[in-house]
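Going down the list, the protein sequences come from chains A and B. Everything in the first sequence is counted per UniProt numbering, starting at 1 for the first residue and increasing by one. Everything in the second sequence is counted per UniProt numbering, starting at 1 for the first residue and increasing by one.
Warning: the hint list may mix true and false statements.
Here are the simulated distance ranges between beta carbons [said to hold, decoys possible]:
1. B:Leu266 - A:Gln120: 56 to 64 Å
2. A:Gly50 - B:Thr116: 40 to 48 Å
3. B:Ala17 - A:Pro142: 14 to 22 Å
4. B:Ser233 - A:Ser180: 28 to 36 Å
5. B:Trp132 - A:Asp313: 32 to 40 Å
6. A:Ala119 - B:Trp132: 18 to 26 Å
7. B:Phe239 - A:Ala119: 13 to 21 Å
8. A:Ala220 - B:Leu136: 47 to 55 Å
9. B:Phe4 - A:Gly98: 32 to 40 Å
10. B:Thr131 - A:Pro347: 52 to 60 Å
11. A:Lys164 - B:Phe149: 53 to 61 Å
12. B:Ser233 - A:Val223: 37 to 45 Å
13. B:Trp182 - A:Pro142: 42 to 50 Å
Note that these hints are calculated values from the structure, not bench results. Small disclaimer: the values here were computed from a predicted structure and weren't measured. Using N, Cα and C, we set each Cβ at its ideal position, and we do this for glycine too.
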Amino acid sequence: MTITSPFGQPFGDPLGLPLGQPDVRTPALTPVSDPVLEIRNLSVDYGYDGDPVHVLRQVSLTLERGEVLGLAGESGCGKSTLAYAATRLLPPPGLITGGEVLFTDRDGTTTDILRLNDAQLRASRWQDLAIVFQGAMNSLNPVFRVGRQIADGIRAHRPEVSQKEALERSAELLELVGISPDRLRSYPHQLSGGMRQRVMIAMALALDPQVLIMDEPTTALDVVMQRQIVEQIADLRDRLGFSVIFITHDVSLLIEIADRIAIMYAGEIVEDAAARDVYQRPRHPYSSALLHSFPPLRGPRRELTGIPGSPPDLSKLGGGCPFRDRCAFAFDACSKVNPELVFPDVPGDDPRRSVACLRHDPAAVRAVGEQPLPVPPELSAR
Amino acid sequence: MRFFLRRFMFYVITFWAAVTINFLIPRLLPGDPVSALIAKNQGRISPDATEALRALFGLDQDVSLWQQYLDYWGLILHGELGISFTYFPTPVTEVIQQALPWTIGLVGIATIISFTIGTLIGTGIGWRRGTWADSLLPISTFFSSVPYFWLALIAISLFSVTLGWFPASGSYDRSLIPTWSWEFVGSVIYYGFLPAMTIVISSIAGWILGMRNMMVTVSSEDYVTVAQAKGLSERAVMFGYAARNAVLPQVSSFALSLGFIVGGTLVMEIVFSYQGIGYFLFTAVAAKDYPLMQGIFLVITLAVLFANIVADFVYGVLDPRTRQEG
Ligand SMILES: Nc1ncnc2c1ncn2[C@@H]1O[C@H](COP(=O)(O)OP(=O)(O)OP(=O)(O)O)[C@@H](O)[C@H]1O
Ligand SMILES: [Mg+2]
Chain A
1 MTITSPFGQP
11 FGDPLGLPLG
21 QPDVRTPALT
31 PVSDPVLEIR
41 NLSVDYGYDG
51 DPVHVLRQVS
61 LTLERGEVLG
71 LAGESGCGKS
81 TLAYAATRLL
91 PPPGLITGGE
101 VLFTDRDGTT
111 TDILRLNDAQ
121 LRASRWQDLA
131 IVFQGAMNSL
141 NPVFRVGRQI
151 ADGIRAHRPE
161 VSQKEALERS
171 AELLELVGIS
181 PDRLRSYPHQ
191 LSGGMRQRVM
201 IAMALALDPQ
211 VLIMDEPTTA
221 LDVVMQRQIV
231 EQIADLRDRL
241 GFSVIFITHD
251 VSLLIEIADR
261 IAIMYAGEIV
271 EDAAARDVYQ
281 RPRHPYSSAL
291 LHSFPPLRGP
301 RRELTGIPGS
311 PPDLSKLGGG
321 CPFRDRCAFA
331 FDACSKVNPE
341 LVFPDVPGDD
351 PRRSVACLRH
361 DPAAVRAVGE
371 QPLPVPPELS
381 AR
Chain B
1 MRFFLRRFMF
11 YVITFWAAVT
21 INFLIPRLLP
31 GDPVSALIAK
41 NQGRISPDAT
51 EALRALFGLD
61 QDVSLWQQYL
71 DYWGLILHGE
81 LGISFTYFPT
91 PVTEVIQQAL
101 PWTIGLVGIA
111 TIISFTIGTL
121 IGTGIGWRRG
131 TWADSLLPIS
141 TFFSSVPYFW
151 LALIAISLFS
161 VTLGWFPASG
171 SYDRSLIPTW
181 SWEFVGSVIY
191 YGFLPAMTIV
201 ISSIAGWILG
211 MRNMMVTVSS
221 EDYVTVAQAK
231 GLSERAVMFG
241 YAARNAVLPQ
251 VSSFALSLGF
261 IVGGTLVMEI
271 VFSYQGIGYF
281 LFTAVAAKDY
291 PLMQGIFLVI
301 TLAVLFANIV
311 ADFVYGVLDP
321 RTRQEG
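Hey, can you work out the whole structure from these sequences and the hints?
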């Protein structure tokens with residue numbers, strides 16, 4: 001094999017791991033920040049004419065190297081839009097109206113993906129940042145064999161690799177995700193849904209990318225298959241050391257795999273904290289409600305409540321907090337200011353977590369001349 | 001393999017049905033124009049030919065219909081289609097053999113050109129939808145909505161009569177002897193240019209539009225987005241992923257349009273006095289040359305059938321999903 005990883009190690013090292021470097025995973029709570037992907041104030045509109053819908057509003061997220069960042073939220077809150085925008089694959093009429101997506105390479109150089117020219121962008125795709133799309137069922141071209149579809153991504157970036165070598169590499173990748181290598185010669189319609197999903201994951205790992213965005217990779221699958229795939233992703237991450245943005249509407253799944261969780265609501269991040277903190281000590285009323293609307297995969301059962309009401313129509317958002325109509329803790333100020341991400345108003349909290357709720361932001365409440373209310377006990381568990 | 005075998009059986013049955021219908025129709029026609037024609041040509045039709053005609057047209061009243069049917073199959077399988085009245089005593093097969101290459105050559109090449117260029121333009125327009133390229137659509141649609149004979153007449157009056165660039169009729173310079181010489185081939189191309197042009201112009205819009213619409217549909221498929229995400233070059237995504245899938249329905253309509261070449265060129269061959277199969281069909285109808293008519297109908301049927309087989313086969317090769325039916 002002549003394909004080498006960015007470290008000069010050959011792929012498919014017979015003694016060691018089949019890909020890239022061994023475990024470089026940073027523990028989730030290291031104080032030193034080493035971000036591999038930073039999304040800053042990303043805004044996306046749908047529709048070019050008169051009044052576009054602001055689907056993403058000033059979204060900021062940081063993915064640390066080696067970390068699994070979970071992104072959760074109800075259907076329609078803009079999770080997929082975020083994934084598409086960050087990779088510049090947004091289909092029309094979607095338009096990125098502002099922000100930066102900073103990618104930091106292993107050698108420390110930082111580039112803004114949104115400002116790359118066409119050639120640089122194509123070179124960076126798959127190599128730096130690969131993505132597994134929500135609709136894995138339709139992510140494979142029905143007229144080509146699976147092997148060819150994995151191989152062409154490799155050869156697009158490594159023209160010196162022969163088709164035969166690329167196919168050998170594809171076989172290794174399939175083995176990596178637990179599929180028999182003779183499936184290389186299968187057409188997509190000959191594979192089950194779970195297998196196609198794994199093929200997509202294998203394909204995403206083809207060039208040993210540093211960042212993997214997975215948009216609901218398990219949604220179409222049964223629970224057993226979901227578990228298997230999530231465990232496999234966690235295992236691969238430990239072995240290969242890539243970082244993951246794992247998108248789902250199922251928070252209980254994230255507890256299993258994520259180091260950190262960001263909760264999204266109506267096109268904004270409303271809470272961003274370590275997974276355990278979100279799970280045991282949610283600070284935002286929406287996070288808390290979301291947690292209570294899914295049965296936990298393990299641990300004690302808790303009462304399922306669901307979230308009253310439905311997500312707001314993004315084209316009719318006025319000022320104020322978008323969640324206020326469904327919020328049990330809303331007060332006068334909530335219709336006047338849209339809260340920004342701040343450090344929670346709970347003493348002793350992890351300094352790296354943040355929440356966008358006026359209950360935690362007395363200064364913003366006072367700024368509009370309202371009386372701040374204290375954080376309710378439900379949102380200040382220790 | 002089972003797929004192809006199954007299709008093969010289907011075509012054998014279709015062929016049988018086509019020949020049977022061709023056998024039955026003259027027998028169901030009211031009146032007996034064939035007897036009259038034989039009577040009129042008394043003495044000029046040899047006893048052998050009369051026999052064959054009787055079998056082909058069911059004039060043998062003393063033979064059962066079943067026996068006639070068997071005889072008819074016997075003749076068809078030996079490639080005998082009777083003797084043309086108008087070109088007596090040339091056998092129908094020979095007349096068709098002379099006419100067919102002209103039609104297939106001219107219209108076939110024109111159709112291939114139209115398909116290729118139209119599909120390429122459609123690929124480009126569909127890939128860059130919403131740009132200036134879209135303005136090509138109304139222009140080509142305009143030409144395809146003009147009735148064909150009208151377009152052909154205008155082309156003749158403009159390019160042959162007024163400008164004198166191309167001959168108005170015929171298929172080659174009559175002073176030349178048909179051989180594989182450069183001179184003769186050049187003359188064939190020169191004579192064929194104008195008719196071919198009119199066919200391309202009137203049919204290209206369909207290919208452009210069909211391909212454009214499929215490109216628009218396929219471009220939003222997830223696998224095209226994945227191909228983009230993989231960082232493949234734009235050409236690779238556009239041709240390898242989008243156009244590769246968008247072309248599938250085009251291919252089947254292309255094969256079908258090849259099948260209709262033989263029957264569908266009547267107007268062109270009349271307007272340009274081009275002696276292909278359509279021209280002969282026209283003269284056969286005018287002269288009540290039943291053997292020739294029936295022979296040409298059979299050839300048309302076979303052409304459509306053959307095109308269907310090709311379409312099926314090509315589709316099966318291009319789209320693995322069709323090979324896997326239950
Ligand atoms: N082409 C479009 N035009 C207008 N609005 C759109 C378009 N595509 C998506 N949207 C809107 O953008 C919002 C976010 O959509 P997105 O697909 O990102 O949601 P999501 O969080 O991924 O949901 P899900 O969990 O169902 O996948 C939705 O409210 C949707 O209505
Ligand atoms: Mg989505």
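Verification of the supplied hints:
Judged by the Cβ atoms, the range 56 to 64 Å given for Leu266 (chain B) and Gln120 (chain A) holds: they are separated by roughly 58 Å. About 42 Å separates the C-beta atoms of Gly50 (chain A) and Thr116 (chain B), a value consistent with the hinted range of 40 to 48 Å. Distance hint check for Ala17 (chain B) and Pro142 (chain A): the Cβ-Cβ separation is about 33 Å, which falls outside the suggested range of 14 to 22 Å. For the pair Ser233 (chain B) and Ser180 (chain A), the supplied restraint of 28 to 36 Å holds, since their beta-carbon distance comes to about 31 Å.
Checked against the hint of 32 to 40 Å, the pair Trp132 (chain B) and Asp313 (chain A) passes, with Cβ atoms roughly 36 Å apart. At about 24 Å, the CB distance of Ala119 (chain A) to Trp132 (chain B) agrees with the hint of 18 to 26 Å. Between Phe239 (chain B) and Ala119 (chain A), the C-beta spacing of about 18 Å keeps the proposed range 13 to 21 Å intact. For Ala220 (chain A) and Leu136 (chain B), the hinted distance range of 47 to 55 Å is not satisfied, since their beta carbons lie about 40 Å from each other.
A hinted range of 32 to 40 Å is violated for the C-beta pair Phe4 (chain B) and Gly98 (chain A), which are about 57 Å apart. Thr131 (chain B) and Pro347 (chain A) have their C-beta atoms about 59 Å apart, which keeps the hinted 52 to 60 Å range intact. The hint said 53 to 61 Å for the Cβ distance between Lys164 (chain A) and Phe149 (chain B), and at roughly 57 Å that hint holds. For the hinted restraint 37 to 45 Å between Ser233 (chain B) and Val223 (chain A), the CB-CB distance of approximately 40 Å keeps it satisfied.
Checked against the hint of 42 to 50 Å, the pair Trp182 (chain B) and Pro142 (chain A) passes, with Cβ atoms roughly 47 Å apart.
Hint compliance for this structure: hints 3, 8, 9 are not met, and every other hint is.
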